[in-house]
Every structure is written in structure tokens, then in C-alpha cells.
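Enquirer: As you go down the protein sequences, you meet chains A and B in turn. When you line the first sequence up against my numbering, it's residues 1 to 130, in that order. When you line the second sequence up against my numbering, it's residues 1 to 556, in that order.
Rather than coming from a laboratory, the hints here were simulated on the basis of the structure. Hints may be right or wrong, so weigh each one.
As the list claims (entries may be wrong) - Pair by pair, the computed Cβ-Cβ distance ranges are:
id : chain 1 : residue 1 : chain 2 : residue 2 : range
1  : A       : ARG28     : B       : VAL463    : 28 to 36 Å
2  : B       : SER104    : A       : LYS118    : 29 to 37 Å
3  : B       : ASP420    : A       : ASP84     : 37 to 45 Å
4  : A       : ASN76     : B       : GLU458    : 36 to 44 Å
5  : A       : ASN76     : B       : ALA553    : 50 to 58 Å
6  : A       : ASP44     : B       : THR316    : 50 to 58 Å
7  : B       : SER104    : A       : ASN76     : 54 to 62 Å
As the list claims (entries may be wrong) - Take a look, some chain B residues computed to stay more than 12 Å from chain A by CB distance:
id : residue
8  : PRO62
9  : GLU93
10 : GLY134
11 : VAL148
12 : ILE153
13 : LYS269
14 : ARG312
15 : VAL401
16 : ILE444
17 : LEU453
18 : ARG490
19 : ASN501
20 : GLU552
As the list claims (entries may be wrong) - The following residues of chain B were derived to be distant from chain A, with all beta-carbon distances above 10 Å:
id : residue
21 : LYS9
22 : LEU23
23 : GLN32
24 : ASP40
25 : ALA129
26 : GLY271
27 : SER332
28 : GLN375
29 : LYS416
30 : LYS424
31 : ASP427
32 : ILE481
33 : GLU487
34 : LYS492
35 : GLU520
36 : ILE555
Beta carbons are placed, not taken as given, at the ideal position from N, Cα and C, and that holds for glycine.
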Amino acid sequence: MKRVKVLVAKPGLDGHDRGAKVVAMALRDAGMEVIYTGLRQSADEVVKAALQEDVDIIGLSILSGAHMRICEKVLNLMKEKGIDEKPVFVGGIIPAEDALELKKMGILEVFGPGTPLKAIVDSIKGAVDK
Amino acid sequence: MNNPENLKKVKEEWKEKKVLPLLRKFPERKSQFKTSFDGDIDILYTPEDLPPDGYDQALGFPGQYPFTRGVQPTMYRGRFWTMRQYAGFGTAEESNERYRYLLSQGQTGLSVAFDLPTQIGYDSDDQMAEGEVGKVGVAIDSLEDMEVLFEGIPLDKVSTSMTINSTAAILLAMYIAVGEKQGVDPSRLTGTIQNDILKEYIARGTYIFPPDASMRLITDIFEYCSKALPDFNTISISGYHIREAGADAAQEVAFTLADGIAYVESAIKAGLDPNVFGKRLSFFFNSHNNFLEEIAKFRAARRLWAKIMKDRFGVTDEKAMMLRFHTQTGGSTLTAQQPMNNIIRVAFQALAAVLGGTQSLHTNSFDEALGLPTQDSVTIALRTQQIIACETGVTDTVDPVGGSYYVENLTDRIEKLALDYLQKIDDLGGMVKAVQEGYIQKEILNTAYNYQLKVEREEQVIVGVNQYLSDENLKKDILKIDPVIEEKQRNKLAALKRRRNSQVVEEALKELKKAALGSENLFPIILNAVKSYATLGEISNTLRDVFGEYTEAVIL
């Protein structure tokens, strides 16, 4: 079976990277290949990295409140580049209302604070198996 | 009995005769009890666990070297700590309203949160700022916004802390200019700028320039302010974000003081006297859930810093050896699940900070794992401090936990662990190098990951998250930032650019570029640019052109 390849990205100006890094380590420990972008990525850079690395799934970590605008931009760019079939999940401080909006927009899943790592790993495995 | 050798023997006998027989029948809850920094915790602490140096050397008296028991002789019997809630969002108008509200409720100092574009040197109309304007703090593009932010707040009466780092010189310059417009001489301004770039590279992420240029800006501020703003704290060396990123208590002390050492070395190299600028160094720590450990942490940091200033840097003025610090309760300890429980967590954390001898305190609002706090939740957080100050009685004597066998033992152990790290960092060639190579980040990440695994295995219980769950509806009132703010801020900026004298602005920026290429102190030139209503983005971009930008060591 092909190894699942995940892009974990920190889009926007947000510097909170503990969650992104801890999740990245957990995904790696679960046998996935993880590309971590580091901080301050524009939507362009995130989508470019997804294309270049040919990842199966994209994770965006946002704790700055800029999630609506950033997710919209990333999803639009993915459509433009023809990779909108790749699932995108989001982690961070996302108010419940916004999480619903994001899912309507096409985000697969939103993980808030306190989500067990196992739940994230399982969710990604499920999404890629589909 | 007081003879340590004898005591040790008695304790062993007690364990054998009383404890072991009991354990056979009733085993303890866990096979091992551990500190956050993975040290063993014994069943009981006695005088044999007190620091070997003896009372005078290890503890001494408050207000005296090594300041273990506090930096002032009277501590909270004289006056309480400064109650300082970090706040700021949206536009300057809205934040100004929140500040006036907090001051009317008995808050005694201001603490300004800036949005990310302001912290990273982008104007609100910059493409990089899209979606971020006014989100995690207030948007400040020019002196004009700063004038609105402090309207009706007398800067000679209120002390202001500003969480600002790579653009600290610009924001401080704006603050000075606002003061002058109010008729307040800079020498009467009090407050703090964070101005701690190393922890931005390590943990917080709002860096702009590479280390050399950043360190120059920091020492330029030290130098300028030592004369012009003698009562202003020109740096807040911050462990807070290091802890939030996942460090344990000992790492928090170690890496914060290592940053402190780097700043002192850099200032000495620039020709400044540590006996003078040492008095304006302040610190900023976190307060997490492990109550006694946190109290010990503050005391250990205080003692170790005093020794570092005295022994390593040869400081002779005791005031320049004092570690004065602000505390904020632990944001990462707040849970989105059962959020009201956070009120209790914050209260214990705040109490630990007070028992640890903090000079000022921010208590988090219970709803911060869900979004920005509302006025109601901020009020409860402030009331928590007032209850500790006025009702619990812990403020009536100095360092009331001093002498606790366990707390003194923990204080000693945290100090020793931090000292080991400082040695390692010296061996690596100093903190700047250790950060550039990613060593510090890797240490923190490992601790963060191990902690998370403990939570997953339920070795670390978090009430409402991995045990004691309940069904609940997470819907709540949260503060929403209106997206219109971004547009409003852009329009305001465009209007300013039309109105101001662009020739004066251009001159000021040209002057700045020239100075940045040379070696003179940049602060007065930045102050001049700010007064011409050059924007934060224009000033930052001028410096970017000269200094370049830092690239992160991506560590995983």
C-alpha cells in the first residue's frame, strides 16, 4: 500500500505552531509521510507545495482568527489548479459557527483544541481511503 | 532530630515501618509520581531536603540578594501587583473603549495587544495583512491610530505594557509622540515593551529581521531609553510563549534566562553598563496548573538570575540583579470542553503567580479556547485577581510558602536543571546560535509531544477532555471581529496618505535607510519618521530593504 503523504501548513501570519508540529509528529508516527511548511505561508505557497509534493491531503493550522479568508483562498486556488479533489482539514481556534461554514465551503473536517491525536489520524486515514 | 544525617535515618525507618506495610495493602494511585520536568516526587519532604547552602545564602530576605523570597522588602503588604489584562482588537476606537472600561473596573495598568500585521511590520493595506487586520489585537498603521488608542487616557498616570517585538521601536516611538501631544515628558512614561526577539524565533513567530539586525534594534532601544525614558522597561524577556509552545517548567526558566544572557551580552558589547540597563530588564512568565511547581519556578528564576547578573556579568548594583516579572496564566491549559472549568484553572494559576511573587498579572478569560474573550468573561478574570488580593489573605505576609520543604526542594531542583541547560547552551556557542540551529525548538517540541502522548494515554488527566466528560453544547457568545474593519482601516490609511506632507515622510525614510546602513542609533530616526506620519509598514519596509528577512529553521 502506498504511504499516505500529508502537507501540514501554517498559512497567514499566525505563529502558533505547537499544534501543527505535534499533529505532524503524530501523523509521522502513524506511518504517514509528512511535509511541514513552517510559518507564514501564503495561500499560493501552500497550494504550490501541495502540487510539488503531490500530497494526498492538506492540513491547515490557523489560530489567528483569519481562517475564513485563508480557507476560501486556498480552496479557490486548489480548484484553479485542478487539485480540489484533495481533502483539506483545518485545526485551530475555530468558533463552532465558522466550523460549519468552513465545512460548507468544502473543508473536510475542523479539529478544535482537545481533539485526541488518534481522532485526527483516523479521520485522515478514512479520508484518504475513500 | 534536626541533624540531617539522623533525620535521613529516621525517615527511612518511618518508610519501612509505616509506609511499606500500608502499601502492601493499599497501593498508591500511581507507581511513580513525577514533576512536569520528569523528576521523581518523594512521598514526603523534610528539612534534609532544604537547599544545602543554608538559609542565608539560598533564601535570604526579600528585597535582598539573591531575592528568592521576593524583590521588594514588603511585597504585597505595600501594594498589590499590577492587575494588567492584555487586551486589544479591531480598530483603535474599539480598543480604546475596552481600555477605558477596564480602568473603570479597577484595573491598574494597560496591556496592548496588536494585530499580527502590526507586529510583523505590514500596513493594513498590505497583501500580507489580508484577513488578519484587527483579529488578534488592534491594528495600528500610523501615529494617527495610536493617538486614538490612548485618547482620554493620561499617559503620566497609567503604565502601559505593549506586546510588540520586531516593530517595538516603532510602537514605542508612537507612544512617546502621543505622550508629547498630551504634554507628558518622555521621562515620565512608565510601562514595558516586550522587545524580545529571540523567543519570537523560538516560539512566537512575529520576527522580521535576522538576528544581528534585531539585536542591534534592541540595544539601540536600551541605549536611547536609558537616558530619555529612565522608568520604562525596555524589554520583557519572555518565557510565556516558550512554555505555551510546550516547554516544561525547568525549560521555561532555562531558555528565558538564556535569552536574557544573550541580551545582556549584546548590550555590553555595544558599550552599555549592565548596572544601568540591568535595572530596566523585566521578565514574563507563564503560570500553569502544577501549583507548587509553578511557585517554585518563579522563586528559582529569581535566584538564578541574581546569581547570573552578579557572578557572570559582575554587576554590583543589587537593583540590576532583581528579576521583576509579569505573569500570565497558561493559555494552552484552557479547554474548549466545559469552558467554565477554566475559571477554576485560572484562579489556581493566578494564586501560584501571587505566591511566586509576581509584579503584575494577566488572568485569562475562560472562553479563550473558543475565541476572543467577551467583556463578561474578561470581568470575571479581573475579579479573580481582586478576590486573591483582597479575600484570601495570602497577601498579608511576604513569601508565605517559603520554607516549605517541598517548595524549597523544587526551587533548588528547577534552578539546577536550568543551570545544566545554560551550560549546554554555552557549549553550543550561545543562545543565538542554539536558536538558529533549532536546538531549543527541538527540545521544546519533544516535551510538547511527550506531554500530548501522556494526555492520550490518560496518564495526564484533563478534566472534561479525557476524563469526566459531559455532553454539552459548545455554542457560546464570542467576540466577533467585523470583516468591515479591514476596509475601514484601509480607507483611514489612504486618507492619511493623501493628507500628510509626503515630502517630509520621504525625507524621514531616506534618513532612516542611511542610518540603517551605518551604525548610529536608529531610535531617534525612527521617532522622527513616526512623527512625520510615516506608516509602520513604510518604516518596516525601509528596514527590510537594508536588513533582509529571517528565515525560520523548520524543525520537526
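Enquirer: According to the definition I'm using, a residue is off the interface if its beta carbon is farther than 12 Å from all beta carbons of the partner; does B/LYS269 meet that for chain A?
Expert: At about 28 Å from chain A, B/LYS269 clears the 12 Å cut-off, so the statement holds.
Enquirer: For B/GLN375, is the shortest CB-to-CB distance to chain A above 10 Å, so the non-interface label stands?
Expert: Check passes; 17 Å lies beyond 10 Å.
Enquirer: Regarding the assertion that B/SER332 does not contact chain A, is the least Cβ-Cβ distance greater than 10 Å?
Expert: violated (7 Å)
Enquirer: The output says B/PRO62 does not contact chain A. Does that hold with a beta carbon cutoff of 12 Å?
Expert: holds (36 Å)
Enquirer: So is B/ARG312 really clear of chain A, every C-beta pair being over 12 Å apart?
Expert: holds (30 Å)
Enquirer: Tell me if the beta carbons of B/SER104 and A/ASN76 are separated by a distance inside 54 to 62 Å.
Expert: Given range 54 to 62 Å: violated, Cβ gap about 45 Å.
Enquirer: Quick one: are A/ASP44 and B/THR316 within 50 to 58 Å, going by C-beta?
Expert: Distance hint for A/ASP44, B/THR316 holds at roughly 56 Å.
Enquirer: B/LYS416 clear of chain A by more than 10 Å, beta carbon to beta carbon?
Expert: holds (27 Å)
Enquirer: Is the Cβ of B/ALA129 farther than 10 Å from every Cβ of chain A?
Expert: violated (8 Å)
Enquirer: May I ask you to test the hint 50 to 58 Å on the CB atoms belonging to A/ASN76 and B/ALA553?
Expert: violated (31 Å)
Enquirer: Could you check that no beta carbon of chain A comes within 12 Å of the beta carbon of B/GLU93?
Expert: holds (19 Å)
Enquirer: If you check the beta carbons of A/ARG28 and B/VAL463, does the distance land in 28 to 36 Å?
Expert: Once the Cβ atoms are compared, 30 Å apart, the range 28 to 36 Å for B/VAL463 and A/ARG28 holds.
Checked against the numbered hints above, the structure violates hints 2, 3, 5, 7, 10, 16, 17, 20, 25, 27, 32 and 36; every other hint is satisfied.
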